[in-house]
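Just so you know, the protein sequences line up as chains R and V, in that order. Residue numbering for the first sequence follows the working numbering, beginning at 1 and increasing consecutively. Residue numbering for the second sequence follows the working numbering, beginning at 1001 and increasing consecutively.
Honestly, the hints are just simulated from the structure, not real lab data. Quick reminder that beta carbons are idealized off the backbone N, C-alpha and C, glycines included.
Example chain R residues on the side facing chain V (calculated, C-beta under 10 Å, incomplete):
hint: 1; residue: PHE131
hint: 2; residue: VAL139
hint: 3; residue: LEU144
hint: 4; residue: PHE147
hint: 5; residue: VAL155
hint: 6; residue: TYR156
Here are some chain R residues pointing at chain V (derived, C-beta under 7 Å):
hint: 7; residue: LEU120
hint: 8; residue: ILE121
hint: 9; residue: SER124
hint: 10; residue: LEU127
hint: 11; residue: GLN136
hint: 12; residue: ILE140
hint: 13; residue: LEU150
hint: 14; residue: ASP151
hint: 15; residue: LEU154
hint: 16; residue: SER158
hint: 17; residue: PHE161
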Amino acid sequence: MKRAFPIFGIVTTVLLGYGLREALVVAPTEQTMGEVQRIFYYHVSSAWTAGLLFCINFVASIAYLVRRKAKADALALASAEVGVVFCTIVLVTGPIWARPVWGIWWTWDMRLTLTLVLWLIYVSYLLLRRFSSSAQTPVIAAVLAIFGTLDIPLVYFSIWFLRTQHPQPVMGGGGSIDPRMLHAFLVNLVAFSCFGLLVCWARYRLEVLRQEVEEMQALESLLEARGSR
Amino acid sequence: MMGARGLTRATLLKDLRLEWRSKDATNAMLFFALLVVVIFSFSFDPTAEESRRIAGGLVWVAFLFASVVALNQTWARELRNQVLDAYRVSPAPPNSLFLAKVFGNFLFVIVLEALMTPLFVVFYNLHALGPAYLLLVVAALGTWALVVNGTFFAAISLRTRSREIMLPLLLFPISIPALLAMVEATSAILTGEFSAKFWIVLLVTYDLVFTMASLFLFELVLHAE
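Required output: the full structure, derived from the provided sequences and hints.
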């Protein structure tokens, strides 16, 4: 298990390097959008990774409520933190692409709104964890994570209906995709998923260590109090 | 021994009596909502046509902010003299306590809405072009959505530092779909341009999902160690 982490790290680095070359050199330039389209390889991969991490957060939260293991809580915290980072990347790279292509930074399009709401929910989750520093934090955080997940389909339907009611300019569209582009995209998808999981893993190990240190300090102060008596 | 329903009723009556005597929440909410109405009204100064389109948003934002005032003091009251700890050790079912608090807050916010709506009508020159009776349905469903989650999150934010700030930070993001539904349904009824049916169905779903979730998870929050 100890050796798995550095091995995974090396694999991720290689994948990221390969993905970078595929996205910037090998994949052909898109005809209408030009070079700026290449941000797509990172934008969509980050969105996917954020979604993956939020799923991990949900599963870990349920696991914590059922089993009450501190490690599940550490995983929930790590995945939410890293997920918010990736979600932020999505929200930042999106407008960078949208400005030259759509001519606007932001629109209340379905996916944009959904990502923003998702980001808001998980930032409030992290804020709750930050503002609460007691032993009850894991329970209330897990409960909030469940509420957040329940909210996502409702957000989805509300925006879907709002947007079909007030029509928006049609963006993107079908058409065939160059196989080299698809390849670059898939490589980056895998690379970013690995990268996200790697950072989450590192953060998880840190959190578990922090829990152990805290436990030890509590134990020490207990023993000290007994010794001085 | 008192049954679960009796406990709910006793807690609710106690809260109502306390509120009737002090009128703390009602006064604060009313004045707060009044300020929002006045400030919005003179900063936008809309025509009748415009105000029909934006009123849904203004009304619900005002009610949302005002209801946070009532929600914040739901549990804070029980902290004095360790009342909440007494609840925790008693064999009383946690959900009857939760429901009593939700009903109490629901009543406060509904009273607020009943008193504030005439003011909105006066300041914004409102008059519904769609079926106005549906506004009552939207108000009841929307208020329930705000209050059930608000009461739950108030119990959560009780466990944090600076809990008064924490409540809106938790409540607003989760309430986005409900707020959107309330605002859109109200606008739909006021302008009469499109049907509010989808939004009312969405509100009912939202209410059902989060009422169930709250009842299911409240015990965990109350007994969180």
